[in-house]
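**Student:** Below are the chains, spelled out letter by letter.
2 protein chains.
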Amino acid sequence: MSPTSHALPAGAPVAAPAATEPALAHRVSRAVVTVRGADGAPLADADVVVGQVRHAVALGGIGFDVVDLLDADAHDPDGPGAGAPPEVGRRLAELFTEVFDTATLPFYWGAVEPERGAPRLERLERAARWFADRGVRLKGHPLVWHTVTADWLRELPTDEVERVALERVRRDVTRFAGLVGAWDVVNEAVIAPVFDNEPTQNGITRWFLERGRIPVIRAAFEAARESDPRATLLLNDFNMGTAFECLVEGVLEAGVPVDAIGLQSHMHQGYWGEERTTAVLDRFARYGLPLHMTETTLLSGDLMPAEVVDLNDFRPSAWPSTPEGEARQAEEVVRHYRTLVAHPAVQGVTYWGLGDAGAWLGAPVGLVRADGTPKPSFAALRDLVRGEWWVAPTTVRTDADGHLVLHGFLGDHRVTAGDRAADLVLDRAGDAVVDVVLR
Amino acid sequence: MSPTSHALPAGAPVAAPAATEPALAHRVSRAVVTVRGADGAPLADADVVVGQVRHAVALGGIGFDVVDLLDADAHDPDGPGAGAPPEVGRRLAELFTEVFDTATLPFYWGAVEPERGAPRLERLERAARWFADRGVRLKGHPLVWHTVTADWLRELPTDEVERVALERVRRDVTRFAGLVGAWDVVNEAVIAPVFDNEPTQNGITRWFLERGRIPVIRAAFEAARESDPRATLLLNDFNMGTAFECLVEGVLEAGVPVDAIGLQSHMHQGYWGEERTTAVLDRFARYGLPLHMTETTLLSGDLMPAEVVDLNDFRPSAWPSTPEGEARQAEEVVRHYRTLVAHPAVQGVTYWGLGDAGAWLGAPVGLVRADGTPKPSFAALRDLVRGEWWVAPTTVRTDADGHLVLHGFLGDHRVTAGDRAADLVLDRAGDAVVDVVLR
Numbered sequence: 000m001s002p003t004s005h006a007l008p009a010g011a012p013v014a015a016p017a018a019t020e021p022a023l024a025h026r027v028s029r030a031v032v033t034v035r036g037a038d039g040a041p042l043a044d045a046d047v048v049v050g051q052v053r054h055a056v057a058l059g060g061i062g063f064d065v066v067d068l069l070d071a072d073a074h075d076p077d078g079p080g081a082g083a084p085p086e087v088g089r090r091l092a093e094l095f096t097e098v099f100d101t102a103t104l105p106f107y108w109g110a111v112e113p114e115r116g117a118p119r120l121e122r123l124e125r126a127a128r129w130f131a132d133r134g135v136r137l138k139g140h141p142l143v144w145h146t147v148t149a150d151w152l153r154e155l156p157t158d159e160v161e162r163v164a165l166e167r168v169r170r171d172v173t174r175f176a177g178l179v180g181a182w183d184v185v186n187e188a189v190i191a192p193v194f195d196n197e198p199t200q201n202g203i204t205r206w207f208l209e210r211g212r213i214p215v216i217r218a219a220f221e222a223a224r225e226s227d228p229r230a231t232l233l234l235n236d237f238n239m240g241t242a243f244e245c246l247v248e249g250v251l252e253a254g255v256p257v258d259a260i261g262l263q264s265h266m267h268q269g270y271w272g273e274e275r276t277t278a279v280l281d282r283f284a285r286y287g288l289p290l291h292m293t294e295t296t297l298l299s300g301d302l303m304p305a306e307v308v309d310l311n312d313f314r315p316s317a318w319p320s321t322p323e324g325e326a327r328q329a330e331e332v333v334r335h336y337r338t339l340v341a342h343p344a345v346q347g348v349t350y351w352g353l354g355d356a357g358a359w360l361g362a363p364v365g366l367v368r369a370d371g372t373p374k375p376s377f378a379a380l381r382d383l384v385r386g387e388w389w390v391a392p393t394t395v396r397t398d399a400d401g402h403l404v405l406h407g408f409l410g411d412h413r414v415t416a417g418d419r420a421a422d423l424v425l426d427r428a429g430d431a432v433v434d435v436v437l438r
Numbered sequence: 000m001s002p003t004s005h006a007l008p009a010g011a012p013v014a015a016p017a018a019t020e021p022a023l024a025h026r027v028s029r030a031v032v033t034v035r036g037a038d039g040a041p042l043a044d045a046d047v048v049v050g051q052v053r054h055a056v057a058l059g060g061i062g063f064d065v066v067d068l069l070d071a072d073a074h075d076p077d078g079p080g081a082g083a084p085p086e087v088g089r090r091l092a093e094l095f096t097e098v099f100d101t102a103t104l105p106f107y108w109g110a111v112e113p114e115r116g117a118p119r120l121e122r123l124e125r126a127a128r129w130f131a132d133r134g135v136r137l138k139g140h141p142l143v144w145h146t147v148t149a150d151w152l153r154e155l156p157t158d159e160v161e162r163v164a165l166e167r168v169r170r171d172v173t174r175f176a177g178l179v180g181a182w183d184v185v186n187e188a189v190i191a192p193v194f195d196n197e198p199t200q201n202g203i204t205r206w207f208l209e210r211g212r213i214p215v216i217r218a219a220f221e222a223a224r225e226s227d228p229r230a231t232l233l234l235n236d237f238n239m240g241t242a243f244e245c246l247v248e249g250v251l252e253a254g255v256p257v258d259a260i261g262l263q264s265h266m267h268q269g270y271w272g273e274e275r276t277t278a279v280l281d282r283f284a285r286y287g288l289p290l291h292m293t294e295t296t297l298l299s300g301d302l303m304p305a306e307v308v309d310l311n312d313f314r315p316s317a318w319p320s321t322p323e324g325e326a327r328q329a330e331e332v333v334r335h336y337r338t339l340v341a342h343p344a345v346q347g348v349t350y351w352g353l354g355d356a357g358a359w360l361g362a363p364v365g366l367v368r369a370d371g372t373p374k375p376s377f378a379a380l381r382d383l384v385r386g387e388w389w390v391a392p393t394t395v396r397t398d399a400d401g402h403l404v405l406h407g408f409l410g411d412h413r414v415t416a417g418d419r420a421a422d423l424v425l426d427r428a429g430d431a432v433v434d435v436v437l438r
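These protein sequence lines map, in sequence, to chains R and P.
At position 144 of the first sequence (counting the first as 1) the number is 143 in numbering that gives the first Met the number 0, and the numbers step up by one without a gap.
At position 254 of the second sequence (counting the first as 1) the number is 253 in numbering that gives the first Met the number 0, and the numbers step up by one without a gap.
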């Protein structure tokens, strides 16, 4: 980052443009910061640069393109969790960190371990390290899911399915502990035991059917928890109705260690609007757990007809991004993120696909076109999360006591003076008093 | 009952016409019965009359008409749980026991106790005794429901709503213990906390919303259980999907003492058909609890359009029973009962309205027209449950050891010889050996 052109006078707060918006008060801290030198003495009347590094709320995307980019030989455009072709993936990798600070990596069992006993985890680890090196937090998706699961489970008796499924949870969570901080532990459990879109029953559906949803969820969460006690463990679903509510209630009554609720929000049939979005958030916030909007998409092309029930059933031969669609998408992305971040329960938002290349169903959901050029939504989202809600590097003069005032969004900031620097974390909304020591 | 005209020869089994249907094997017993005199000695080579009294599986209807008939001054055709006008109710009361052996009584809180502290339980007790005197089992509906609940709950804080709601459960279950053998303890909990069809929030919805579904269900079932340990306690819902599945799973994981699952099955939009019906039964049978089809209806007139989501939204000014509709209904009623009784998990079926008079939404759901004349469905159902599946009183000669063979449906039968008689209960499917002593 580079300092802004003009220095603020002593006493002037360094502030994010939207720091005073009442609807965002729970996301913002106004901190009186004492800047100290390495000797501990206040750095009085000195020019320092203050800037934000990352939001506390996870504003993420999927990192599938980077996985494929770093393992280009293995790129399979039709495979599960496929990224863009490497030539576009290269551009997406550059653009990723301009809007996102968290990446979801594809741990689909069927892709991770198509052949039993030969897990392909190196490519995921390579991508994870690429992101971590760039300050991007990581999330794994999913550990238990009835779709894109290992085909070879079909042959195993249910006891064995359960055993190997839990082994795989332990194996992957253990291997990525400290690197992947959050997991969609169980995905779409509401429908899992009654899922019948396949000619033969997959092993995970059978496991759910024979043991029940809650026992499967409990076993998976306990396996993940024991493998990485610090990870954030999510129960994720596309069902936004009473079924997922009832499941969450049952799971919590049963004492399953769920850390957060994941709500998918693919909007192929149109933007939900503020009212519906807030109603959904309110209904799931009742359980006292943080909420992640785990799979958010807004189209920049024609919408899927409302009468389609299973989105997988709609596969047009071409689904182009259109100028009108892109204008609409840019507006809706901003409205949607404003609504989500305004809700106190939201701890994370994952946009499900930076680029159109390789997108689910071929839909134009990306913020970037299939050719790698950004759509208007890309700049619109960046202007919001790294503009309005952000403290760009700003030079400010400390006062006679070495104080400066930072009025910014919760998250990681950095203070630098010459070749010394210090991290500055705003971790609680409201007024704060913070000391930083430049080293 | 009167004996059939011809006596069976010694050794010939007394059998229900459908006793050998493989699909019903779980409902049928083939018992070698030793008939003994009061002295305990086998009654050899004697003519006795054998006949069925009641099915083990509860084949019931709603008893609302009888409540109003016995308390005609209080009949309010627009009130909750209203029965037919007394002049039609009189005919319905006669017809009831020709097809039904179990009656559901209306315990809607808003009707039972419209004024706080002045419960109107005498009229329900009068009706309950009327049915019990005729050998009809009783079920109460419902104890906790957000609809037709007491209006005065709106004024109370939630703690108080909870307290009085549980008091009312204890009061009513205690008073009717030994008379009402089954209760819909909680009705429609899936939708209860998100129910918003009313201008102001009812007290029960608020209770569910603030405490959660499972805590409310647990409290209600525990109150009912302690008030009548022998009663069959049902969790009843109209949701036949994953939401009710998830709720049932959570409730059972939480250890709530649920005895049976109640599945409503109003078919105002058309008969489900055998395949869907069996699929629903199979999905809920997974939990190992008996199933009751608690609110079955099939129309004898035009169907409600498929696009209506909340059936309450459809209120035509007139909804006549038609000749074609009546023929269709008669066929579908028989198909539906065959499907239900063929399923081993089904413990009860309640047809939701013997007559059209006073039917929910004014729909022609009854087996009897509004003027009190039976539709074809009435005879069709009677021919099935009291014909094919029934042992009509039959004279048979015992053999030299006092034996006779009864091949009939599980339930209560009776053996008589002259002025002596004995109850004969078939309570387990398959072959059985039974002794009865005539007294």
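Rather than coming from a laboratory, the hints here were simulated on the basis of the structure.
Treat the hints loosely; a few may be bogus.
Label-pair ranges, simulated between beta-carbon atoms [claimed, not checked]: (1) R/277 / P/429: 54 to 62 Å; (2) R/93 / P/304: 49 to 57 Å; (3) P/429 / R/176: 34 to 42 Å; (4) R/277 / P/359: 56 to 64 Å; (5) R/399 / P/159: 57 to 65 Å; (6) R/277 / P/159: 26 to 34 Å.
Beta carbons: idealized from backbone N, C-alpha and C, even for Gly.
**Student:** May I ask which of the numbered hints given earlier this structure violates, with the numbers listed in increasing order?
**Tutor:** Per hint list: 3 and 4 violated.
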